[in-house]
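*Asks:* Given next are the chains, with one letter for each unit.
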Amino acid sequence: DGGITQSPKYLFRKEGQNVTLSCEQNLNHDAMYWYRQDPGQGLRLIYYSQIVNDFQKGDIAEGYSVSREKKESFPLTVTSAQKNPTAFYLCASSPDRTSGYNEQFFGPGTRLTVL
Amino acid sequence: EDKVVQSPLSLVVHEGDTVTLNCSYEVTNFRSLLWYKQEKKAPTFLFMLTSSGIEKKSGRLSSILDKKELFSILNITATQTGDSAIYLCAVGTGTASKLTFGTGTRLQVTL
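Top line first, the protein sequences correspond to chains A and B.
No gaps in the numbering here: position 34 of the first sequence is 41 in our numbering, and each next residue is one more.
No gaps in the numbering here: position 60 of the second sequence is 524 in our numbering, and each next residue is one more.
Derived from the structure by calculation, the hints contain no laboratory data.
Careful: at least some of the hints might be erroneous.
Derived pair list, reagent style EDC-like, types lysine to aspartate or glutamate, alpha-carbon separation capped at 16 Å [unchecked claim]:
| no. | chain 1 | residue 1 | chain 2 | residue 2 |
| --- | --- | --- | --- | --- |
| 1 | A | LYS78 | A | GLU31 |
| 2 | B | LYS501 | A | GLU110 |
| 3 | B | LYS520 | B | ASP530 |
| 4 | A | LYS64 | B | GLU465 |
| 5 | B | LYS531 | B | GLU519 |
| 6 | A | LYS77 | A | ASP37 |
| 7 | A | LYS78 | A | ASP61 |
| 8 | B | LYS467 | A | ASP66 |
| 9 | A | LYS78 | A | ASP103 |
| 10 | B | LYS531 | B | GLU490 |
| 11 | B | LYS520 | A | GLU110 |
| 12 | A | LYS77 | A | ASP61 |
| 13 | B | LYS505 | A | ASP45 |
| 14 | B | LYS504 | A | ASP45 |
| 15 | B | LYS467 | B | GLU490 |
| 16 | A | LYS16 | A | GLU31 |
| 17 | B | LYS505 | B | ASP547 |
| 18 | B | LYS501 | B | ASP547 |
Since the structure is predicted, the reported quantities are computational estimates derived from the model, not experimental observations.
Model the full assembly from the supplied sequences, consistent with the hints where possible.
*Replies:* If you want it as structure tokens, here you go:
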């Protein structure tokens, strides 16, 4: 089955710890994205990558880091520098990195709670 | 700064009612406007609109874009409880397939 998978579904972390969220797609899409969703705030873009070994900051990149070593994988690390990391994290992918016309397909999300 | 505003933020209707959800935007280099439905977790794609005045339709859902007035509406007729969800509007800009999302409209359909 083609799609986007995210793991884990739920993640608990102590303050001061870094944690990495996994995102994998087998759709052969060029572009991948990470969003954060908080209640009442919609989706906010953290990082995006249009091609392997390249990525750009989104609107709220502080306290996060990413890598794109393989086309199908785009992991997100939430570092201890992120002041309020408890949120729902969504990964998405899009087939064409350049046209601006393609819809993004979303994974099921990871809910991160900092204790 | 690109901005997408949805209204109302929340809406409760009875099954069978017709609802209209609104999305207005102020962005540079507009490419497309997209509607998504989010029930529990992953948003699912509904429509993508790129041209003014052309209605997109799927069953009881329809949407139209006005590029002059910078807004779109999503209509749902004969609502059902299964329509209860958050409806997200997003605007694609530039050449990087980036989307800017609104805050969403939470729709609840009651019996």
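*Asks:* Now, for every hint given, state plainly whether the structure supports it.
*Replies:* Against the structure, the hints come out as follows:
| no. | hint | result |
| --- | --- | --- |
| 1 | A/LYS78 <-> A/GLU31 | 9 Å, holds |
| 2 | B/LYS501 <-> A/GLU110 | 13 Å, holds |
| 3 | B/LYS520 <-> B/ASP530 | 13 Å, holds |
| 4 | A/LYS64 <-> B/GLU465 | 15 Å, holds |
| 5 | B/LYS531 <-> B/GLU519 | 13 Å, holds |
| 6 | A/LYS77 <-> A/ASP37 | 10 Å, holds |
| 7 | A/LYS78 <-> A/ASP61 | 11 Å, holds |
| 8 | B/LYS467 <-> A/ASP66 | 12 Å, holds |
| 9 | A/LYS78 <-> A/ASP103 | 13 Å, holds |
| 10 | B/LYS531 <-> B/GLU490 | 11 Å, holds |
| 11 | B/LYS520 <-> A/GLU110 | 15 Å, holds |
| 12 | A/LYS77 <-> A/ASP61 | 11 Å, holds |
| 13 | B/LYS505 <-> A/ASP45 | 13 Å, holds |
| 14 | B/LYS504 <-> A/ASP45 | 14 Å, holds |
| 15 | B/LYS467 <-> B/GLU490 | 5 Å, holds |
| 16 | A/LYS16 <-> A/GLU31 | 13 Å, holds |
| 17 | B/LYS505 <-> B/ASP547 | 15 Å, holds |
| 18 | B/LYS501 <-> B/ASP547 | 9 Å, holds |
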